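Protein sequence lines, in the order shown, are assigned to chains A and B.
With the working numbering applied, the first sequence has no gaps in its numbers, which climb one by one up to 1008 at the end.
With the working numbering applied, the second sequence has no gaps in its numbers, which climb one by one up to 563 at the end.
Just so you know, the hints here were simulated from the structure itself, not pulled from any lab data.
Computed from a prediction, not measured in an experiment: that's the story for all the values here.
Hints may contain errors.
Residues of chain A placed beyond 10 Å of chain B at every Cβ, according to the derived structure [claimed, not checked]:
hint, residue
1, Pro906
2, Asp911
3, Arg927
4, Gln992
5, Arg999
PhoX-like mimics (lysine-lysine), calculated; alpha carbons at most 20 Å apart, straight line [what the hints assert, rightly or not]:
hint, chain 1, residue 1, chain 2, residue 2
6, B, Lys380, B, Lys181
7, B, Lys416, B, Lys437
8, B, Lys548, A, Lys926
9, B, Lys365, B, Lys380
10, B, Lys353, B, Lys214
11, B, Lys214, A, Lys948
Chain A side only, calculated, beta carbon under 10 Å to chain B, not exhaustive [stated by the list, open to error]:
hint, residue
12, Glu913
13, Gly920
14, Glu922
15, Leu941
16, Phe942
17, Gln943
18, Glu945
19, Asn946
20, Glu953
21, Met972
22, Thr973
Just so you know, even glycine gets a beta-carbon here, dropped at the ideal spot from N, CA and C.
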Amino acid sequence: MLILNCPYCGVDAEETELSPGGEAHLKRYGPGSSDADFEDYLFQRENPKGVHFERWRHANGCGKWFHAARCTMTLEVFGTYEAQSLEPPKSIQKAISKKRPGWSWREFS
Amino acid sequence: MKRYSAFAVAREALRFHSGWERAWRSPAPKKKYDVIIIGAGGHGLATAYYLGRNFGIRNVAVIEKGWLGGGNTGRNTTIIRSNYLQDPSAAIYEKARGLYENLSQDLNYNIMFSPRGVMMLAQTQHEVRGYQRTAHANALQGVTTEFIGPQKVKELCPIMNIDGPRYPVLGALWQPRGGTARHDAVAWGYARACSDMGMDIIQKCEVTGVRQSGGKVVGVDTTKGAIDCDKLGVVVAGHSGVLADMAGFRLPIESVALQALVSEPIKPCMDVVVMANTVHGYMSQSDKGEMVIGGGADGYNNYTQRGSFHHVEETVRALVETFPIISRLKMLRWWGGIVDMTGDRSPILSKTPLENCFINCGWGTGGFKAIPGSGWGMAELMAKGHSPLTEGFSLDRFKEGRFIDESVAAGVAH
Ligand SMILES: Cc1cc2nc3c(=O)[nH]c(=O)nc-3n(C[C@H](O)[C@H](O)[C@H](O)COP(=O)(O)OP(=O)(O)OC[C@H]3O[C@@H](n4cnc5c(N)ncnc54)[C@H](O)[C@@H]3O)c2cc1C
Ligand SMILES: [Zn+2]
Chain A
900 MLILNCPYCG
910 VDAEETELSP
920 GGEAHLKRYG
930 PGSSDADFED
940 YLFQRENPKG
950 VHFERWRHAN
960 GCGKWFHAAR
970 CTMTLEVFGT
980 YEAQSLEPPK
990 SIQKAISKKR
1000 PGWSWREFS
Chain B
150 MKRYSAFAVA
160 REALRFHSGW
170 ERAWRSPAPK
180 KKYDVIIIGA
190 GGHGLATAYY
200 LGRNFGIRNV
210 AVIEKGWLGG
220 GNTGRNTTII
230 RSNYLQDPSA
240 AIYEKARGLY
250 ENLSQDLNYN
260 IMFSPRGVMM
270 LAQTQHEVRG
280 YQRTAHANAL
290 QGVTTEFIGP
300 QKVKELCPIM
310 NIDGPRYPVL
320 GALWQPRGGT
330 ARHDAVAWGY
340 ARACSDMGMD
350 IIQKCEVTGV
360 RQSGGKVVGV
370 DTTKGAIDCD
380 KLGVVVAGHS
390 GVLADMAGFR
400 LPIESVALQA
410 LVSEPIKPCM
420 DVVVMANTVH
430 GYMSQSDKGE
440 MVIGGGADGY
450 NNYTQRGSFH
460 HVEETVRALV
470 ETFPIISRLK
480 MLRWWGGIVD
490 MTGDRSPILS
500 KTPLENCFIN
510 CGWGTGGFKA
520 IPGSGWGMAE
530 LMAKGHSPLT
540 EGFSLDRFKE
550 GRFIDESVAA
560 GVAH
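Work out the full structure: start from the sequences and follow the hints.
Right under this line is the structure:
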């Protein structure tokens, strides 16, 4: 069972307390953007086998959105961080590098 | 290939079964093929089969990292139906269902197609209207379905509790020629027929790279060395994103776990397939007597072939209310598969940005029923560059907004 630590209320929340919200750090395109940009934003996904960054909501808890760094191949959790972050915190990137040397995800590595 | 027949069974019975052949060869890969298909699931094997049968293209290899049929094709709950809402879906799923009717004869392999009838329960007013609409759409598409009332539901499936406290059964969308088939047999039957045509099925061989030159695909790197090809078909379900990454393009796909489970075998008690989309569960009885149960997919990316326990709990809870008779059954086996979900819940059968590289994926939670039709269309697409069956399912529909929205028809994973 997946257990994620909510970075807001500090609770170790198990899966039924959380709702998954898909890929994190998507760039949201607005009016005037190209079809390709919209396709990217709405549909194209990283879907990696390995290190992944996702949005989760502590739905049956404090109700807040946060981000999680996970491995989709082992279900290992590398860390969670606030939804207001534009990129995963350096500490989490470092923790991932320790376990998955050479990892990359979009522009992060 | 020696044909299977009643006569063959009698002949072998008289000589201690010493005359059966291996169903398919296990050759070492050649240096080059006209066509390489990656993935020996049902869709990959069917694509190869119809390339040979319909287009005479037989210098074909099907490359599989595990064992053939060991992916979702051997993990699904085998529901076959074609009662979808949109025209392109009805066309490809009904083509598949029609091919299933004679597939055992066609392949000379008993795939145990059992058109026992599939009903999708309407348990809210919204569903009643939705399924009535689907029944009308199906009538126009030439797919035989009917909206039936609760009494008919009870007649067809006496073990069902139609007046449950929360979600009484208000009716159902009934497809009398839907049903089930033996999933492994579908893969094995196609594999045997492909091998018989001289195609190479190469198991325990993982594709690790897609080689290209001048924007065209020229071959693949594998754990058994590099293999050249003129055309490449990528048919790897949950691993489509991984292969697309090797080929240098992106996909509108997320891979998630979908689970199923079967009970201990019991006496025959249910001779139809029942799906309950509102409460999220479906059930049928296998020929061995096991109740075959499935429900919803997980909500997050996962490649482990293991899913979340609470989804199984929700499914079983809903089904116990609908079928009180199963409340004391022990569950025997429980497993998961990694399904490839697209944004509009419809598959992708398409050319790709890499020339001569084609992809067939996105069948998600419901592609077993489509295997023959998908193979038929994909083979035509790869041989001729276009196919009426696959036209609507191209990759560029996501850019152009031409969605084939089946999120309602596919309300529950099946
Ligand atoms: C629990 C469950 C229940 C389901 N129930 C139903 C149902 O009732 N009705 C229905 O219609 N559908 C159902 N489905 C969906 C159905 O199983 C799939 O849509 C269908 O089987 C997909 O077939 P495929 O050939 O595309 O994929 P698969 O059978 O998964 O085959 C893909 C193959 O590609 C191979 N592969 C991957 N990467 C590589 C690589 N790098 N190199 C070489 N080979 C590779 C894999 O090993 C695999 O064997 C269900 C699925 C699940 C998981
Ligand atoms: Zn919280």
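Evaluation of the provided hints:
Remark: the non-interface label on Pro906/A is consistent with the geometry, its nearest Cβ contact in chain B lying 18 Å away (cut-off 10 Å). A cut-off of 10 Å between C-beta atoms confirms that Asp911/A is not in contact with chain B; the least separation is 16 Å. Listed as a non-interface residue, Arg927/A keeps its Cβ farther than 10 Å from every Cβ of chain B; the least gap is roughly 16 Å. The Cβ of Gln992/A sits about 19 Å from the closest Cβ of chain B, beyond the 10 Å cut-off, so the non-interface label holds.
Non-interface status of Arg999/A relative to chain B is upheld: no Cβ of that chain comes within 10 Å, the nearest being about 14 Å off. About 11 Å separates the Cα atoms of Lys380/B and Lys181/B, which keeps this hinted pair within 20 Å; it holds. Between the alpha carbons of Lys416/B and Lys437/B the distance comes to roughly 9 Å, so the proposed pair stays at or under 20 Å and holds. Proximity of Lys548/B to Lys926/A is assessed by CA-CA distance (about 16 Å); at most 20 Å being required, the pair is judged to hold.
For the given pair, Lys365/B sits about 9 Å from Lys380/B by alpha-carbon distance, which is consistent with the 20 Å threshold. Our distance criterion of 20 Å between C-alpha atoms is met by Lys353/B and Lys214/B, whose separation comes to about 5 Å. For the hint linking Lys214/B to Lys948/A, the alpha-carbon distance of about 16 Å falls within 20 Å, and the restraint holds. For Glu913/A, the suggested interface contact is upheld, since its CB lies about 9 Å from the closest CB of chain B, less than 10 Å.
Restraint check, Gly920/A versus chain B: the minimum CB separation of about 9 Å is within 10 Å; hint holds. With a cut of 10 Å, the hint placing Glu922/A at the interface with chain B holds, because the nearest CB-to-CB distance is about 8 Å. Annotation: Leu941/A was flagged as interfacial toward chain B, and the flag holds, the nearest CB pair being 7 Å apart, inside 10 Å. Annotation: Phe942/A was flagged as interfacial toward chain B, and the flag holds, the nearest CB pair being 4 Å apart, inside 10 Å.
A cut of 10 Å between beta carbons decides the hint on Gln943/A: the least distance to chain B is about 5 Å, and the hint holds. For Glu945/A, the suggested interface contact is upheld, since its CB lies about 8 Å from the closest CB of chain B, less than 10 Å. Taking 10 Å as the C-beta contact cut-off toward chain B, the hint placing Asn946/A at the interface holds, the least distance being around 4 Å. At its closest, the beta carbon of Glu953/A sits 6 Å from a beta carbon of chain B; the interface hint therefore holds under the 10 Å criterion.
Interface restraint check for Met972/A: the shortest CB-CB distance to chain B comes to about 5 Å, inside 10 Å, so the restraint holds. The criterion of a C-beta within 10 Å of any C-beta in chain B is met by Thr973/A, whose closest approach is roughly 7 Å, and the hint holds.
Hint violations for this structure: none, all hints satisfied.
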